Every structure is written in structure tokens, then in C-alpha cells.
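Student: Sequence:
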Amino acid sequence: MEEKAGKPISRRKFLFWGAVATTGVLVGCAGSDGKDGRNGKDAVLFSVDWDEETDVVVIGAGGAGLVAAIEAKSKGAGVIVLEKSDNLGGNTAFSGGVVQASGTKYQQQFGISGDTPEKHYQYWLEAGEGVADAELVRTMAYNSAGDLDWLVGMGLTITKIYAIDPIPYIDPELIPARLHVADGLGGGYFSVLKEQAQKSQVDIRIESPVTQLIADADKRVVGVCVGDGEDALYIKARRAVVVAAGGFDCNDELAKAYSPQLYKDLENQLSLACTGNTGDVLKMGLAIGAAPAGFGGTIAYPAMRIGRNEADLPIPGIWVNKYGQRFVNEAAHYGYVARAVFDQEEHIAWAVFDENVRQMGGSVIGGWSDDLAAEIASGKILTADTPEALADAMGVNAGQLALTLQKWNADIADEDADTLYQKAVALQALDTPPYYATSVYFYNVGSVGGLKINSKAQVIGNDGEPIMGLYAAGMAAGGFIGPYYPGSGTAVTATIVFGRLAGRNAAAETAVADGD
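All residue numbers for the sequence shown refer to our numbering, where the first residue is 2 and numbers rise by one.
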């Protein structure tokens, strides 16, 4: 495997209808009338001097990109991977290295029984709330175990398996422990892919930004342009192009258009996503008539965890909105809770706790001090001797906050249960002054939504038909996630399942004839 940049020779000239993505301009692939048959936009007829040819071009060298490249290479295809940044891995390398898989031999080894791909499918479908594409969700669930075996066969080691936190309306029977943690987390997982790509002699080129997808007069994608101006390099893809360039995690413009929740996180400058994920290739795909799918949600993780000295401990305290009212089970799955916070008026939520919770220590995420003294002094955490005084400092209804705490404490004393939202952990009274509050924020961990694909990972056009020669995988694709993120490992599983499908099917495409 080489990580290189350069301009080979081998030049041939043809005429093509090109899709060019420039700032604020999207030009579609044209038909014989000079108009795009998919979206009606004007197109550009231009000549292409191919500098280089290969069977499959993969855009992006993160998890999905390397999976697709390894799979295509194993089927005998020549592969070039183009990465715009100066390093490999994308969000995958920084992830928790979790793979969601069901009915696996590893679950049995860890003493977990009763899970099936059908349960997994039903879980993802219910969490998708009618938004997630059933065909894609089924494909992920039913391929997850076999594709995890594929990874283990390349050297991946599973160190732990756990379950997501509950989602109130989903049967717990559908969500057993199925989150498989890779040794070394995301970095360890990606190192397995990188080593396999090296063994397979995959040609990987860093600092090679794709600036155009090129389609022929039949609207088949036949290549890409790398760079621009005098340094532009045209690479012909004889069989197919695979888009695996991640999402639009760090693009304010696209977030504002497609994901208000993501846009809010970016406004708050809270992001753990790869800065190179700016949706460039997404815009190019839309330019040639690809249909969008799955926009609206985001992958968000709470930016604070009061009293959590271990990542898997429950969350003490309660969350309230601007009216001083609870609105969610605070210990529910983080994706579900993130959506609930965003749904509040002005997207405002506060974590409220007492002195007993404060004495439990600082937060796992956020780097807060153990005694929280620095945060109190800076105003990040508000404090007062009574609920009413705390409410005044927060700017919420004082009487309502006092009633909310009264209800919580009465439930704990009388029922030892949360009668409002059925929170089953961290059931401790909040009655020891002083009282504390801090704003609830979420880190942007990634965007949701991308190019519409089918179960073969083919990109689907606005006319409902596959765009020949174009595939997408990982978070560059959309449609398999609903309004909120359904648990750690969903994105990684998508990179594996659709990465393999894209690589395999791209390699099996009939090659574009010489002269085309």
C-alpha cells in the first residue's frame, strides 16, 4: 500500500458530460438536449484527457473506504483510494471501535444468548420511527455477524460486548448486548483495516481531493478529477466509483440546510468529528442527480456527565427545560436523549443536582475539576441554597423547578421509582443544599444523511433508478438511520456492511469499453 501523490501519464481524450461541484454551483449530468434528465440543470460538455485508469476508484480513506477497497481488491479489481487530507482513518479512527452485530459467536463466548438478526432489524426499524429505510436496515442486521467474522479473520479482537441504554418505547428484548468493542477502540479497529490494505497492495493516495465526478453521455459515472487547474489529474474508473468520503459533519452551510440539530452543535463549537468531513463529494453526487436520503438527525453525545467517574455508570440528577420541567428519562440512550433536548423550546436543557451528587466528583467528558470549584467560579455551573434561588439564576420558572424537585424526591421516598419517565438507575433524592445546575450540551460526533443507496450500495438517482458506476458506503450514504442515532456501532457497522457491498459490486461491474 502506498500513500502518495503524483501525476502519471497515459492520456486519452474523449467528450463527456461532467458534473462539477463548485462553491454554490451544482451542475448536473446532461442528456442529449443539454439538460440533465434527472434534475433539469444545465450541464457542461467538455473533453477529458485521462491521466490514469483503474477498475475502481474509492473516494475517502476512512473505514468505509478501506473496507470497500479491500473487498474490491480481493475480487481482482485494480483499486485507487483518494484521500483529500494528509492522514487516513476519518471518524472511524477516532470512534469507540464499536461494531453492532447480532447472533454472533462472540456473544455466545461472552455468555450472551437469544439475539438474532431479526431482533436487530426490528430494533433499528423501530428506532428509525418510519424514517429509516427498511431494506437498508435489514441488510445491515442480517450481514452484521458475517462481516464481523470477516474483520476478526483479518486480526480484529473483541474485548467487550455491552448493550445500549434503554429507549422508552422499545421492548428491551430487542436490545440485548450486541455492541462489540474492538481491542484498541477505533484506532485499533482501523489499524486492522490499514494493515490488510497494505497486505493487499491497495494504492492509497493522500492529499488527493476529488473535485469532480465525471459521467458519460449515458449518465454512467466513469471517473473523477483530482485537484484543479494545471495540477488537475483525471482518473478513469473502468468499473465504478465508490463514494466513502464521510458526511458533512463540519460544514455549517450543509448542516444549516439539512440538519438543524447538527448546526446547533457546530454553532456551540462542540465537535469531535473529523474536520475533513465537509460534504464535498455529497454535493458532487447531488449535482449529477443522486437522490438525498436520511437527513435531519445527527450523531450527538452529551458534553458533560456529572458524577460519572466510569463511562458506564448511571447519571444522577435530573434534566429540566426552560420551564423547570423534566422532559425525558435522563438515563435513556444518548441519541434518544439528544433528540429530546433539541426538541425543547429554544433547545434549552439544564442538569440539576445537589451537594450529594457534587461530592461524587467531576465529569468523564469535558475535563472538569473533581470538586467542580473551578467551574462554579467561572459560572459554568450555577449554585444556590434553595431550588427557587437556583431557578432565578438559571432563568427558569422558580415555582415549577421547586415542584419538579418535590415530585422527584417524593417518588424516590414513596415509590423508589421514577413515576414520570421510568428512569431505573441513579434513583437518589436531590434534597441536600446547595443545589447546582449546568447547561446540557452535546458534542457533534457526525452527520446523518447522504446519498440514497439500495441494498447493493448503488447510488439511486432522483428518478428512482441506480446511477450506473456509482456506489456509496458509510456515512456518505443515507437512509439507514432515523431521527436520532440508534446506538454506538451503527455507523461502523454501516461502513463495514455497505463498504463490502460497494467494493464487491463495483468490482463486478462490466468495464467501460476502451474509447468510452
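Hint data in this document are derived by calculation from the structure and do not stem from the laboratory.
Each hint should be verified, as a subset may be incorrect.
What the hints assert, rightly or not - In silico BS3-like pairs for lysine-lysine, Cα to Cα no more than 30 Å straight-line:
(1) 120 <-> 161
(2) 195 <-> 265
(3) 106 <-> 200
(4) 265 <-> 284
(5) 284 <-> 195
(6) 161 <-> 195
Note that the coordinates shown come from a computational prediction; the quantities given were computed from them, not determined experimentally.
Student: Would you mind confirming whether the straight-line C-alpha gap from residue 161 to residue 195 stays at or under 30 Å?
Tutor: 22 Å, holds
Student: Is the Cα-Cα distance between residue 265 and residue 284 30 Å or less?
Tutor: Between residue 265 and residue 284 the Cα gap is close to 21 Å, so the pair holds against 30 Å.
Student: Verify the proposed pairing of residue 195 with residue 265, using a straight-line Cα cut of 30 Å.
Tutor: 34 Å, violated
Student: Hey, residue 284 versus residue 195, does the alpha-carbon distance stay inside 30 Å?
Tutor: 28 Å, holds
Student: Regarding the pair residue 120 and residue 161, is the alpha-carbon distance no greater than 30 Å?
Tutor: This hinted pair holds, its Cα atoms lying about 20 Å apart.
Student: Can the restraint linking residue 106 and residue 200 be considered satisfied, given a maximum Cα separation of 30 Å?
Tutor: 27 Å, holds
The structure fails to meet hint 2 from the earlier list, while all remaining hints are met.
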